[in-house]
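Using the hints, put the two chains back together into the complex; each one sits in its own frame.
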Amino acid sequence: MSFKGETKVSAVLIVAEHKEGMPSKRTLRTITFGRDASEMLKYKLNLLIIGHKVEEVAEQLIIYGANRIYLVNDPALEKYKAETWAYVTSKVAEHCNAAIICTDAGTTGRDFMPRVSARIGAGMASGVIGFDGECFKREMWAGSVVARIRLHTEIQVATVRSTLFEPATPAGNSSEIEPLHLDIPPARTRFIEFRKTESKRPDLPEANVVISGGRGLGNAENFRMLERLADLFKGAVGATRAAVDAQWVPNDLQVGQTGKFVAPEFYMACGISGAMQHVAGIKNSKIIVAINKDENAPIFRAADFGMVADLFEVVPALIAAIENTIE
Amino acid sequence: MNVPVNGKEDTVKILVTVKRVTDADSIIEIKPDGSGIDLSGIQFTINPFDEIAVEEGVRIREAHGGTLTVVSIGSENCQNEIRRALAMGADRGILITAPGELDSDTAARILVKVVEKEQPDIILMGKQAIDLDDNQVAQLLAEYLRWGQACFATRIELTGNKVVVDREVDGGIEVVEVILPCVISAELRLNKPRHIPLPAIFKANKKQIDMFSVSELDIDTAPKVIVQNLEVPAKPKLCYILETVSDLLEVLKKNGITT
Numbered sequence: 001m002s003f004k005g006e007t008k009v010s011a012v013l014i015v016a017e018h019k020e021g022m023p024s025k026r027t028l029r030t031i032t033f034g035r036d037a038s039e040m041l042k043y044k045l046n047l048l049i050i051g052h053k054v055e056e057v058a059e060q061l062i063i064y065g066a067n068r069i070y071l072v073n074d075p076a077l078e079k080y081k082a083e084t085w086a087y088v089t090s091k092v093a094e095h096c097n098a099a100i101i102c103t104d105a106g107t108t109g110r111d112f113m114p115r116v117s118a119r120i121g122a123g124m125a126s127g128v129i130g131f132d133g134e135c136f137k138r139e140m141w142a143g144s145v146v147a148r149i150r151l152h153t154e155i156q157v158a159t160v161r162s163t164l165f166e167p168a169t170p171a172g173n174s175s176e177i178e179p180l181h182l183d184i185p186p187a188r189t190r191f192i193e194f195r196k197t198e199s200k201r202p203d204l205p206e207a208n209v210v211i212s213g214g215r216g217l218g219n220a221e222n223f224r225m226l227e228r229l230a231d232l233f234k235g236a237v238g239a240t241r242a243a244v245d246a247q248w249v250p251n252d253l254q255v256g257q258t259g260k261f262v263a264p265e266f267y268m269a270c271g272i273s274g275a276m277q278h279v280a281g282i283k284n285s286k287i288i289v290a291i292n293k294d295e296n297a298p299i300f301r302a303a304d305f306g307m308v309a310d311l312f313e314v315v316p317a318l319i320a321a322i323e324n325t326i327e
Numbered sequence: 001m002n003v004p005v006n007g008k009e010d011t012v013k014i015l016v017t018v019k020r021v022t023d024a025d026s027i028i029e030i031k032p033d034g035s036g037i038d039l040s041g042i043q044f045t046i047n048p049f050d051e052i053a054v055e056e057g058v059r060i061r062e063a064h065g066g067t068l069t070v071v072s073i074g075s076e077n078c079q080n081e082i083r084r085a086l087a088m089g090a091d092r093g094i095l096i097t098a099p100g101e102l103d104s105d106t107a108a109r110i111l112v113k114v115v116e117k118e119q120p121d122i123i124l125m126g127k128q129a130i131d132l133d134d135n136q137v138a139q140l141l142a143e144y145l146r147w148g149q150a151c152f153a154t155r156i157e158l159t160g161n162k163v164v165v166d167r168e169v170d171g172g173i174e175v176v177e178v179i180l181p182c183v184i185s186a187e188l189r190l191n192k193p194r195h196i197p198l199p200a201i202f203k204a205n206k207k208q209i210d211m212f213s214v215s216e217l218d219i220d221t222a223p224k225v226i227v228q229n230l231e232v233p234a235k236p237k238l239c240y241i242l243e244t245v246s247d248l249l250e251v252l253k254k255n256g257i258t259t
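Protein chains in written order, with the numbering used here: chain R, 1 to 327; chain C, 1 to 259.
In silico lysine-lysine, PhoX-like type, Cα no more than 25 Å apart, as pairs:
no.: 1; chain 1: C; residue 1: Lys237; chain 2: R; residue 2: Lys293
no.: 2; chain 1: C; residue 1: Lys117; chain 2: C; residue 2: Lys162
no.: 3; chain 1: C; residue 1: Lys237; chain 2: C; residue 2: Lys254
no.: 4; chain 1: R; residue 1: Lys137; chain 2: C; residue 2: Lys31
no.: 5; chain 1: R; residue 1: Lys234; chain 2: C; residue 2: Lys253
no.: 6; chain 1: C; residue 1: Lys224; chain 2: R; residue 2: Lys91
no.: 7; chain 1: R; residue 1: Lys25; chain 2: R; residue 2: Lys234
no.: 8; chain 1: R; residue 1: Lys42; chain 2: C; residue 2: Lys224
Some chain C residues close to chain R (C-beta under 10 Å, calculated; not the full set):
no.: 9; residue: Ile30
no.: 10; residue: Gly34
no.: 11; residue: Ile37
no.: 12; residue: Phe49
no.: 13; residue: Tyr144
no.: 14; residue: Ala150
no.: 15; residue: Lys162
no.: 16; residue: Val164
no.: 17; residue: Cys182
no.: 18; residue: Glu231
no.: 19; residue: Leu249
no.: 20; residue: Leu252
no.: 21; residue: Gly256
The hints are simulated quantities; they were obtained by calculation from the structure and are not laboratory data.
What you are looking at is a predicted structure, and each value in this text was computed from that prediction instead of being measured.
Using N, Cα and C, we set each Cβ at its ideal position, and we do this for glycine too.
Next up, chain C with everything else stripped away, as it sits in the complex (with noise of 0.2 Å):
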């Protein structure tokens, strides 16, 4: 079913974003100097909440047509996690290179320029990326095109020019009308990513990447937000085993949680 969106008579033009992260089941450790992560035996992947919006992207194109693409900034190695996009079910890529960790701000304005060039009717993100875990990228991409916004979204439904979103938020769910083009984030719970087939990725190989460099953008990149410097959390603690329920409603006793 192909649906008239945005008042135009072709049909949804989706733009999905996707940040290569570390692993989540690697270990972090910090240089010994404290100015960044070790990264040395670290795995990369997609990051998981931008895999979710792919997921919700390609299922959205499937309902109502459209096209799909994919953007994502960083290193060429960033490749990899457009290509994963890609066999997902996107139908191209594009990579901003760019030098190093950008801060949100930055990225979020580096991104202007791609869907000025796009002219999305729908940008779906992560709602965080979980190795800055900032939580920014999409609200502010949002401001800066002055657009609204449905973040933490567990339920999106296309209807016209409009999408109506569930957004899970402190103390229950949020239901929302947001006009079209927005910027919606997804929560966990949107959907789970689909098992991609070994020709599908494959298929994605054969597929576009446009790369364009950040100097190439005219955009200020220095950095908002500098990380001074990182810190180890306060140390593990010393855990006291305790052998009896006795013994734990001791703990409770002495620490005055019961009587």
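The following block holds chain R by itself, in its conformation from the complex (with noise of 0.2 Å):
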């Protein structure tokens, strides 16, 4: 990579998400992406936390081995809002010298990282999953196809599919942190409320178990067997388009190219016959068991291990099973 201009860029900077006070842990898989890229590179390695009153989210991460946390804290910044979070991170990406921009690919980092981009000029990769020091890898067309990508442009800014990477280690010394005011501009946002997905199950990109079902499970009832069967392995339950779109289970459980992506321990298909589109967002699972009545879904194609039967006698013998073992 060469640069010109007269100031070298030199970091990568991670935009780290932070809830009641903790750092996430997509932040801190996030982190093992920058780090291994900021080696890679020897750049240094910094972080950005953006809020207000979020000093203790930075006494968290001070181990990870950043040289410096940037601190923007502001009453401002108390809720999220793409334009705002785009100011303050190209302003200290600026102040930084930051080469690589980069945060996790959920929501909020795709929200408002392309702005990021357009603010300071530089090209972007979405959802990557890889890095060589030169080219960014990422998926296209609903993961049908993985594309290597060079960004013609001295910064680059990145989302990053974070469930691939591994969660930090605390390494070397504690990180300096660096508070920066910075005069925040007026939104054209205003927040007005955040309605929760109530559940007591683990969000599905972070689950080491994953149940889920699709269009064979026939209605709402009977994904309660579902929630059994993941609740015996403090997992979560997931659901395909068809499913969602039944609304036999709420939005924020579809799993796939176009919901979410996940990369359990195992991943259990139950009645899903394997659109590319749902595949897509679940094969980078270690282990994916399949149930299906249909010999040729194409599910089996994406499985390990598979069972053509009947869903209604699979699952509840398994829990039955299980639930023996325990005992």
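As structure tokens, this is what we get:
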């Protein structure tokens, strides 16, 4: 990679996500990506925390080997807004001579990072699954294709499919925290409310076990069975677009290219045919088990193990068998 | 009902973007040299998320009056997708002809030029195109214009010079209010696009499509993003068929999923 201009850009800047004073697990995974990239390119690794009263988030992130943690604390930043987040990120990127700016490819990162790239004239790679020091790898066409892309700009922006990376482990000396004061311009957007999806189960992208159902479940009531099985593994319940469209489960359980990407230790697909866009969201799971009556269902081509059987027999029998071993 | 929008006495001006993409059911294969997708036998269609954006634009115009313009960028074939949007109820089309595949940033800067000319109050777009899956253009456009944005919309309510939008985000629904003009990107569940009756297709053929070449727009089309090559994802796994629930339980135990 070659650089022009007077100041040499020489840092990886990661925008950290946080909730209730805690950095998100996906941020720790993104740090792993950023740490690898910074070591490859011999760049510094910096973190950025944006919000109001977020000092404690910084305290928790000092152990992960970043050179510096920038802290932009302001009452105007209490609620996330794409405009202000993009403004702050681009200012801090400039301040620390960032060459690569990245964050998790969740709905927040996907929302504000393109604005960062527009603001600073950077090329951007979305949903990155790998970086070799020059090119980013990312999927296109619902995961049918992996593209190696090169960004022809001095500064580069990326959102990272962080579930593919292990959470960072503590490393080296503690990071230096640098509070920065910025005048936050007024936004044209106002936060009204957040309606949280109530669930006692783990978030899909973070779950170690995901039990998913598709059209074959037939109705909302039958999902209770999958919930029971998921609870035995302390896992999450997922669904296909067909099940979500039929309103058997809430929208945010949708797994796939247009829903959530998951990468659990164990993924079980019950009554799921295996449409390309669903498989795109599950194929990084360690073990995939498919249960489907139709032996020609494409899901079997994505699965490690398959049972050509009626899920209404297999799932209750499996629940009973596991409950037995627990007792 | 006509509402004054953005302090002006006229009605709402809506701009919707549509992209011509490979059909979602097409089998996507890479050319032997990895330079691109093998397009032989591939069907093209309007990007499904854009179709939802068009539907929403039609509904807003039906409720509030105003005008709905649809814009596309690409080859002359994109007229097909514009015609489809016109048949759904858009009033007129604009096609910016451009050679080859453009990156999202170039598309956004082309749209800036269209917006400067058209002066819309609301720009509706699909949240992503199902070919490149970038999910960038709406946000890029909003930043270049320094406008507010509401991405991943599942409900849109226009009130005077503001719009209230439900956004589908990780963990729930975020409700925001954005001052017009603004950019909104459509999530799958915003609406179900209407079926187009045959007479509407004939009517759409009479509607106007203005065509411009990207070379007339005075923008730098050198891409920021270059696709070096395409690769096939890791090859399909061999699926081991289990006969009984005990076999399945064995697999779970062996891999430490259960004890």
